[in-house]
Amino acid sequence: MGIFTAIKNAPKFFELFQEGKELANAATWKNRTVATNCVLAFLATLVGLSKTFGYDIALDDQTIQGLAVGTVAIVGSINAVMHVITSAKVGLSSNNGDTNGK
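Mind the numbering: the sequence shown is residues 14 to 115 in this note's numbering, read in order.
The set of hints was computed from the structure by calculation and includes no laboratory data. A portion of the hints provided could be inaccurate.
As the list claims (entries may be wrong) - Computed cross-link-like contacts, DSSO-like style, restricted to lysine-lysine with a CA-CA straight-line distance of at most 30 Å: (1) K21 with K43; (2) K34 with K21; (3) K34 with K102; (4) K102 with K43; (5) K43 with K25; (6) K21 with K102; (7) K25 with K102.
Note that the structure is predicted; figures quoted are calculated from it, not measured.
Using the sequences and the accompanying hints, generate a full structural model.
Here it is, written out as structure tokens:
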């Protein structure tokens, strides 16, 4: 996907944040998000346990903590976006916050 295609599709992406809108293949995106979270959790656990069992990873504790904080921030942000754009039941209301449609 080229940069111009991404720019052209940006308004469509931001429309997904409205209540009642969702991706056409939301289940696929939700499954991919869950799988990615599991893989990241598994890798983080492996890194943490490897030092415990004596394997030396060429990273000091401060670098590992920094990577962990950055990863949590990025994954948390992506998860929040994915929850909104893959469900028609949540999102920004287009009727001044009234979710009852009145």
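Hint by hint, where does the structure go against what was stated? Just the numbers, ascending. none
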